[in-house]
Amino acid sequence: MAKDSTARVLPEFEPPVAPRKNQFGGGDLPPPVRSSVPVGANAWLAVVMFLGSEAMFFAGLIGAYLVFRVGAAIWPPPFQPRLPVIVTGINTVILLSSALTMRLGVHAVRRGDRSKLVRLIGVTGLLGAIFLSVQGFEWLQLIHFGLTVSSSVYGGLFYTLIGFHAVHVLGALVWLGVAFHLARNGRYSKANHVGLQICAMYWTFVVGLWPILYGLVYLY
Amino acid sequence: MKVKNFLSLFSGAAFMFGSHVIAHACSVCLTGANDPTADAFNASVLFLMATPYAVVGSIGGGLFYAYRRKLAKPEPEQIEQPVVQLRLNQEEVGR
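Chains as they are written, first to last, in this note's numbering: chain W, 23 to 242; chain R, -15 to 79.
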């Protein structure tokens, strides 16, 4: 008698009638996988880190100023020209207004309003230029009255702290000029305006820093 | 092991609080109380100590806020692409 075949007889494969919904042994299905789009653009994150380093830079300068200011019995030191508090106060208001127009520009691009964006960037740049011009004129007056970098510690501190801020405003103005040119050419859209966003961030930082310096150097 | 750690901490603390020489390394402690220069350095050191926490905390807080805002937004619906038939189509071959 022939030996029974040892070959296994495979059962007929039957595809499932309906797909199984619950494939994990019970309970609810796992949550859907969220997209891997990052929270912010790379440029945005880079500018955030850069602004952190700039904040620490100015913190160091302010720390140095505090050492001399708190340690001095009389401040400002005698026989030094007095700083123009009122004119600089008005200048502060001008600079703060530029931050507002910059914010409105970002809102305009989010609405897709290109012409308004270009106008607002132009106004922001103009206000920033006015601020720098008034500062420069006041400095010339102070130099004329004898307050220079080398005249005293007071002069050195003033021009170092306020001077570095002015350089940052100048750099921000140059960047704003580039953003103005790009906005006029239609480079910023509702969907993609990261370049304008980071320019606005830097401008807001530079403007936000000024009231702190004004209060510390001119009023305190 | 725990006794060893306790002994290390205790000896470290005793060394720090018992040694007057270490206090001379600090300009604030060396110049004495009610000294304007010491007060000035103290104010500056406190300010510079607090600033990194403020900066990093602001950056971290901003990133966390942006992340939470993104989570709260509904995901855009994915456009379903039709699955391409990869198996050989006899009709196309012409057989």
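Just so you know, these hints were derived from the structure itself, not from any lab. A virtual CB, placed ideally from N, CA and C, is assigned to each residue, including glycine. Among the hints, erroneous ones may be present.
Here are the computed lysine-lysine pairs in the DSSO-like style, where the Cα-Cα straight-line distance is at most 30 Å [said to hold, decoys possible]:
hint	chain 1	residue 1	chain 2	residue 2
1	W	212	W	138
2	W	138	R	-14
3	W	138	R	54
4	R	57	W	212
5	R	-12	W	212
Partial selection, computed: residues in chain R whose CB lies under 7 Å from chain W [as the list claims (entries may be wrong)]:
hint	residue
6	18
7	23
8	24
9	27
10	30
11	31
12	33
13	35
14	43
15	44
So, going through the hints one by one against the coordinates:
1. W:212 x W:138: Given that 30 Å is the threshold and the Cα spacing comes to 13 Å, the pair holds.
2. W:138 x R:-14: Violated, at roughly 69 Å.
3. W:138 x R:54: holds, 28 Å
4. R:57 x W:212: holds, 18 Å
5. R:-12 x W:212: Between residue -12 of chain R and residue 212 of chain W the Cα gap is close to 64 Å, so the pair fails against 30 Å, i.e. violated.
6. 18: violated, 13 Å
7. 23: holds, 6 Å
8. 24: This interface hint holds because 3 Å falls under the 7 Å limit.
9. 27: Interface hint status for residue 27 of chain R: holds (5 Å vs cutoff 7 Å).
10. 30: Since the shortest Cβ distance to chain W is 9 Å, the answer is violated.
11. 31: holds, 6 Å
12. 33: violated, 10 Å
13. 35: holds, 4 Å
14. 43: Interface hint status for residue 43 of chain R: holds (6 Å vs cutoff 7 Å).
15. 44: Violated. Min distance 10 Å.
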